[in-house]
Structure formats: C-alpha cells, structure tokens
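Protein chains: 2
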Amino acid sequence: MEHIGMQTIKFEKPPTILETASIVGPKEAQGPMAKYFDQCIEDEFWGEKSWEKAESKFVKETVSTLISKSSISAQDIDYCFAGDLLNQCISSSFGLRELNIPFFGVFGACSTFVESMCLGSIFVGSGSAKNVLCATSSHFCSAEKQFRFPLELGNQRPPTSQWTVTGSGAAILSSSGEGPYITHITPGKIIDMGIKDANNMGAAMAPAALDTLITHFKDTGRKPSYYDAIITGDLGHIGKEILTELAETKGYNIKSNYNDCGVLMFDKETQDTHSGGSGCGCIGTIFSGYFFKQLKDRKMKRILLIATGALMNSTSTQQGESIPGIAHAISIEV
Amino acid sequence: MEHIGMQTIKFEKPPTILETASIVGPKEAQGPMAKYFDQCIEDEFWGEKSWEKAESKFVKETVSTLISKSSISAQDIDYCFAGDLLNQCISSSFGLRELNIPFFGVFGACSTFVESMCLGSIFVGSGSAKNVLCATSSHFCSAEKQFRFPLELGNQRPPTSQWTVTGSGAAILSSSGEGPYITHITPGKIIDMGIKDANNMGAAMAPAALDTLITHFKDTGRKPSYYDAIITGDLGHIGKEILTELAETKGYNIKSNYNDCGVLMFDKETQDTHSGGSGCGCIGTIFSGYFFKQLKDRKMKRILLIATGALMNSTSTQQGESIPGIAHAISIEV
Numbered sequence: 001m002e003h004i005g006m007q008t009i010k011f012e013k014p015p016t017i018l019e020t021a022s023i024v025g026p027k028e029a030q031g032p033m034a035k036y037f038d039q040c041i042e043d044e045f046w047g048e049k050s051w052e053k054a055e056s057k058f059v060k061e062t063v064s065t066l067i068s069k070s071s072i073s074a075q076d077i078d079y080c081f082a083g084d085l086l087n088q089c090i091s092s093s094f095g096l097r098e099l100n101i102p103f104f105g106v107f108g109a110c111s112t113f114v115e116s117m118c119l120g121s122i123f124v125g126s127g128s129a130k131n132v133l134c135a136t137s138s139h140f141c142s143a144e145k146q147f148r149f150p151l152e153l154g155n156q157r158p159p160t161s162q163w164t165v166t167g168s169g170a171a172i173l174s175s176s177g178e179g180p181y182i183t184h185i186t187p188g189k190i191i192d193m194g195i196k197d198a199n200n201m202g203a204a205m206a207p208a209a210l211d212t213l214i215t216h217f218k219d220t221g222r223k224p225s226y227y228d229a230i231i232t233g234d235l236g237h238i239g240k241e242i243l244t245e246l247a248e249t250k251g252y253n254i255k256s257n258y259n260d261c262g263v264l265m266f267d268k269e270t271q272d273t274h275s276g277g278s279g280c281g282c283i284g285t286i287f288s289g290y291f292f293k294q295l296k297d298r299k300m301k302r303i304l305l306i307a308t309g310a311l312m313n314s315t316s317t318q319q320g321e322s323i324p325g326i327a328h329a330i331s332i333e334v
Numbered sequence: 001m002e003h004i005g006m007q008t009i010k011f012e013k014p015p016t017i018l019e020t021a022s023i024v025g026p027k028e029a030q031g032p033m034a035k036y037f038d039q040c041i042e043d044e045f046w047g048e049k050s051w052e053k054a055e056s057k058f059v060k061e062t063v064s065t066l067i068s069k070s071s072i073s074a075q076d077i078d079y080c081f082a083g084d085l086l087n088q089c090i091s092s093s094f095g096l097r098e099l100n101i102p103f104f105g106v107f108g109a110c111s112t113f114v115e116s117m118c119l120g121s122i123f124v125g126s127g128s129a130k131n132v133l134c135a136t137s138s139h140f141c142s143a144e145k146q147f148r149f150p151l152e153l154g155n156q157r158p159p160t161s162q163w164t165v166t167g168s169g170a171a172i173l174s175s176s177g178e179g180p181y182i183t184h185i186t187p188g189k190i191i192d193m194g195i196k197d198a199n200n201m202g203a204a205m206a207p208a209a210l211d212t213l214i215t216h217f218k219d220t221g222r223k224p225s226y227y228d229a230i231i232t233g234d235l236g237h238i239g240k241e242i243l244t245e246l247a248e249t250k251g252y253n254i255k256s257n258y259n260d261c262g263v264l265m266f267d268k269e270t271q272d273t274h275s276g277g278s279g280c281g282c283i284g285t286i287f288s289g290y291f292f293k294q295l296k297d298r299k300m301k302r303i304l305l306i307a308t309g310a311l312m313n314s315t316s317t318q319q320g321e322s323i324p325g326i327a328h329a330i331s332i333e334v
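Read top to bottom, the protein sequences are chains V and S.
Heads up, the first sequence is in the numbering used here, so the first residue is 1 and it goes up one at a time.
Heads up, the second sequence is in the numbering used here, so the first residue is 1 and it goes up one at a time.
Some hints here could point you the wrong way.
Since the list gives no way to pick one copy over another, a pair counts as held whenever it fits inside one copy or between any two copies.
As the list claims (entries may be wrong) - Cross-link-like lysine-lysine pairs, in silico, PhoX-like; alpha carbons within 25 Å at most: (1) Lys-250 / Lys-69; (2) Lys-10 / Lys-301; (3) Lys-196 / Lys-145; (4) Lys-35 / Lys-196; (5) Lys-296 / Lys-13.
Since the hints were derived computationally from the structure, they do not count as laboratory data.
Kindly produce the complete structure, drawing on both the sequences and the hints.
Rendered as structure tokens:
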C-alpha cells in the first residue's frame with residue numbers, strides 16, 4: 001500500500017474484483033441496460049408487504065446470486081461492507097442480517113457502492129482479509145416516500161429531478177484472481193458549493209466529482225485519455241454536462257470517454273425520467289451488470305469509476321441547508 | 001496485518017491513539033463523568049436554531065478541539081471516518097464539511113465510534129495513511145424527535161429505555177506515537193434474536209455484544225482476566241446485566257472487570273435516565289474523555305472496547321420488524 005499525492009492509495013497487490021451481481025426493478029427492466037442484469041423483477045413489492053422490505057429483499061437476493069455465481073462460499077468471505085439510502089441504512093442491515101459475515105455499515109449516499117469498494121479493497125490489499133463483499137441498493141418507492149412526497153400524491157417532478165433506481169448491485173473483492181484489479185483508490189472530500197435545490201442533485205454533486213477527478217489525475221500523473229471510460233454515478237444528464245464543462249475549464253477534456261450511470265440507465269426519450277437515474281443502486285447495478293462484463297471480456301481495459309453522493313436529508317433541506325456532495329473514485333484495470 | 005481466528009485482525013504495526021477530545025451537553029455535565037470531558041455545554045441548542053444544527057456543531061467543535069490538542073495539523077490527517085444516528089448521518093457530514101479531509105461516512109448506529117476506529121486502524125496499520133480521524137456524535141433532542149416522539153409531548157419513558165447522550169467524541173489514530181496502541185480489532189456480525197421492543201435496546205444489543213466478546217476471546221486465545229477493563233457502550237443497566245449473565249452461561253466470567261458506558265455516564269439515582277445512557281456519543285465521549293486518559297496515565301494497561309449498535313429505524317419498528325444488533329471490538333494496550 002502506498003499513499004501517493006494528496007488523497008490516493010496505490011496497491012502493491014491490487015485486489016481482484018472476483019464477481020458481481022445485479023438485480024433491478026420493472027422500470028429498469030424497460031431501459032437500455034436491461035439485458036446486462038442478472039434478474040429483472042416485475043413487481044416493485046417483490047411479494048413483500050412494504051417497499052422497505054422489498055428493498056431489503058433486493059439486497060439479500062443480489063448477494064445470494066453473487067455468492068452462487070462466485071467460486072467461493074459465504075464462509076470464505078471475511079467481511080461485508082454495505083449501505084443504502086434509507087434512514088439508518090435498514091435495507092442493508094435487514095437484507096444482510098442472516099448472512100453471518102462481520103458487517104461494516106457504510107453511508108455515502110449514492111457514493112456508497114464505491115465507498116464500500118474503497119474500504120473493502122484496503123482490507124484485501126493489506127492482507128487483513130482474503131475476500132470481502134460490497135453491496136448497495138436503492139428503491140424508487142422507498143426513496144420517494146422518505147425523501148420527497150407520498151407516491152400516492154402523484155406530485156409533479158421538475159425537469160432537473162432524477163429517478164431513483166430500484167435495484168441492488170454487489171461485488172466480491174479477493175486477494176486471488178486474475179483481475180479486473182482495483183489498482184488505485186481516490187477517496188473524496190466533502191464539497192459544498194452552496195446549492196440548495198434538492199431537486200437538482202446533479203448540480204449539487206458535480207463539484208465533488210470534479211474535485212475527486214482532478215485529484216486522481218494529479219495524484220497518479222494520469223490524463224483522461226489513460227482510461228477507456230470515465231464513469232460517474234449518478235450525476236444524470238444535467239450533472240454530466242456540468243462536470244464535462246467544469247473539467248474543461250480546468251484543462252481536462254473528458255468529452256470522448258466520459259459517461260454517467262444515471263444517463264445510461266434509462267431512455268431519455270421514452271422513460272420520462274427527466275435528468276436520469278440516481279440512487280445507490282444506479283452505479284451499483286450498472287457497474288455490476290455492464291462495466292464489470294466489459295472488463296472481464298477485455299472490451300475495456302482501464303476504467304475510472306467515480307460514485308457521487310449528496311450528504312443531506314429532508315430535515316436539512318427543510319432547515320434551509322445547502323447540499324454537501326462527495327465523490328469517491330477507484331481505478332480498475334485488467 | 002494478520003487475520004487470526006474467525007473475525008479478528010492483529011496488527012504487526014499497531015496504530016497509536018494519538019489524541020482524543022470530547023464535548024458533552026448539560027445533562028452529561030451533571031453526571032459523574034463530567035470532569036473528564038474537554039467541554040460541557042449548558043445550552044442544548046448551543047446557540048443554533050435547531051437540534052440538528054447543534055449536533056453538527058458538537059462534531060465540528062470536538063474535531064476542532066481534537067486537532068488543537070494534538071501535535072499535528074489538519075493537513076496531516078489523511079482520511080476521516082465519521083457517522084451518527086441522524087437520518088443520512090447529517091451531523092457528521094454537515095459538521096465536517098469544511099474540514100477538507102477525504103471523508104468516509106460510516107453507519108453502525110451506536111457502534112459507529114468503534115467501527116470508525118476499526119476502519120481507521122486498518123488504514124493506518126496497512127500504511128495507507130499516516131494519521132486518520134474518527135468522530136461520532138449523538139444528541140438527546142434530535143434523537144428523541146427522530147426516533148420516538150416530539151419532545152414537546154412530554155411522553156413517559158418506560159424503565160427499560162435509555163437516554164441518548166448529547167455529545168461528540170473523536171480520536172486521531174497515527175502510525176507514529178507511543179501508544180496506547182490498537183493491537184487487535186474484532187468486527188462483529190449482525191445478530192438478530194427477534195427482540196422487537198424499541199424501548200429496550202440493551203436487550204436487543206446484548207446478544208451481539210456476547211457474540212463479539214466470545215469471538216474475540218476465541219480468536220486471540222485471551223481470557224477476560226487479560227484485560228484491566230472490558231467496556232461496552234451502550235447496553236445500559238439492563239443490557240449490562242444480560243451480557244454478564246449470558247457470558248457466564250458461556251463460561252466467561254466478566255463480573256469483576258466489566259462495565260458499560262451507558263451505566264457510567266449518568267447517576268442512576270438522581271438523573272432519571274432509567275436504564276442509562278445511549279447513542280453514538282455515549283461510548284465516544286466516555287472513551288475519549290475517561291478511558292483514554294486512564295490508558296495514557298498507565299492506570300489501565302489493557303482494555304477491550306466493544307461498541308454496540310441497534311440497526312433499526314422507526315419505520316422498521318412500525319412495520320413489526322425485530323431489532324438487529326451489532327458489536328465491534330478493539331483491543332487497546334499500552
């Protein structure tokens with residue numbers, strides 16, 4: 001392990017991403033990425049009595065699928081890192097309470113998936129663990145209910161708003177395996193530019209993504225062109241545009257190889273999701289479903305995965321607070 | 001770093017706990033531990049307009065005090081690990097948003113302080129960081145409002161209930177220094193014994209504390225008598241009694257050297273706090289205020305610090321769910 005530059009850690013023995021899994025809900029099943037997920041569920045309740053219980057089931061079943069797909073058993077997983085958007089991260093703790101693996105609860109809002117992978121990779125890279133599990137989830141209905149309005153009200157959504165992805169993504173990191181490897185992590189700082197519009201998360205989080213992006217390049221000496229793909233999740237259409245422009249003003253041209261998981265998840269023309277997808281499950285499922293396979297098939301060889309989070313709640317917004325953003329990055333190479 | 005037994009990590013280069021700080025509220029100022037804290041605040045709002053903003057101020061000022069007391073500057077702290085009880089951990093993210101240190105949000109309910117120290121110690125012990133900061137907080141008023149009833153209602157509290165500590169505790173872990181050292185960590189599993197009474201957290205969390213306690217002894221080959229003190233936080237009076245009994249049935253006698261931070265914080269006779277203190281700030285302030293000084297002064301040489309958390313929220317309780325518990329342990333030696 002080597003701390004390089006300001007914020008980056010470089011692995012001498014890079015952990016392998018051994019396997020991933022992803023399960024999504026009905027709206028995601030109609031989107032352009034549907035074929036990449038392990039399973040698409042047609043019922044938002046998934047047979048449960050509440051959306052919260054359904055979200056826990058997404059986590060539980062995704063992790064169960066992941067362990068089945070991997071070559072290792074649950075007993076060989078040393079630690080688990082998980083979190084989600086629900087108050088006190090209940091999707092993760094209820095979804096994983098029967099797992100019987102030491103558990104670290106993580107909260108980074110929509111940055112949780114990459115935050116978990118940062119922490120997990122340090123455990124594996126340092127020899128503290130052989131295998132760790134990273135998991136996250138979100139659910140459109142439980143998130144709307146908690147953060148915005150009762151769904152029954154049928155409130156209008158402004159054009160800047162994003163659509164919380166229903167789904168769960170999970171990954172096993174391992175000390176053995178032939179890649180793709182996590183070679184560097186660049187954990188991010190909290191960046192608050194004073195944006196207060198809780199219906200424009202992309203704008204609130206883009207400055208944090210910019211800060212982590214530039215720090216990663218400075219710390220590693222790499223340029224945007226080093227990567228086959230630079231992927232954020234989930235700035236959405238508006239945040240993606242802001243980040244592209246901000247990066248250009250700082251001398252980094254990311255136009256040709258940059259995309260965002262919130263942009264990729266839904267069809268902008270037909271799915272009525274305004275600025276795109278969001279939620280911990282957005283980057284969680286798209287990385288696990290799509291990008292991991294691209295790396296495994298060597299269609300991509302180097303990606304920079306940056307998850308962004310808005311560290312607010314409905315009370316802080318009601319009390320007039322601005323929205324602090326954060327972004328964590330990992331460099332994944334084959 | 002060596003993974004020993006089932007769940008424990010032993011440090012080849014144990015991180016030093018370089019410095020700690022603690023600030024508490026008015027009720028804690030009247031309790032038996034008051035003299036050990038850096039500061040006692042007489043106003044629960046601390047001049048802010050809401051309890052949530054006040055709690056953020058507790059975190060901010062505690063971290064500021066900590067950095068002033070330590071021999072290092074904020075720029076020399078590589079990463080920060082923090083979390084709290086408020087929805088989406090806003091006390092930590094708002095309290096630390098100006099800190100300009102890469103930030104990992106952590107959620108382990110009342111186990112958050114030790115969870116942060118587990119994660120931080122792996123970063124330091126592996127050479128990924130030289131210095132890290134671990135912080136947590138809780139606030140009686142913001143917690144009651146969020147988890148139970150509006151304070152204005154003046155609801156009665158059952159005898160099994162605990163009193164959320166108003167306060168923040170924080171520590172700097174460092175690769176250099178002369179101890180006290182974190183020599184082992186034993187992160188815990190989620191344990192759910194089906195207890196549903198949200199007014200009896202001690203009972204819900206005691207089985208998790210037992211599981212981690214026994215696992216720690218088995219993994220390390222140590223016995224209870226190895227430690228000058230075994231400290232949980234925060235099982236309270238009822239949970240402490242349950243853990244003592246449960247441990248005895250498993251062949252571990254901890255009667256002579258075991259105590260709980262929820263028991264230590266308030267005077268049972270005069271302060272009307274029923275089963276004792278609770279909240280992330282309970283073990284956070286008592287370790288930072290009292291036990292750290294005992295270790296520094298060599299009045300204690302070996303302690304096992306076990307923080308317990310109840311991984312539920314008010315929605316899960318309303319939906320009839322039981323309360324999953326968790327407990328993380330660290331062994332601290334001089």
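Problem - Contradicted hints - numbers only - result: 1 and 4
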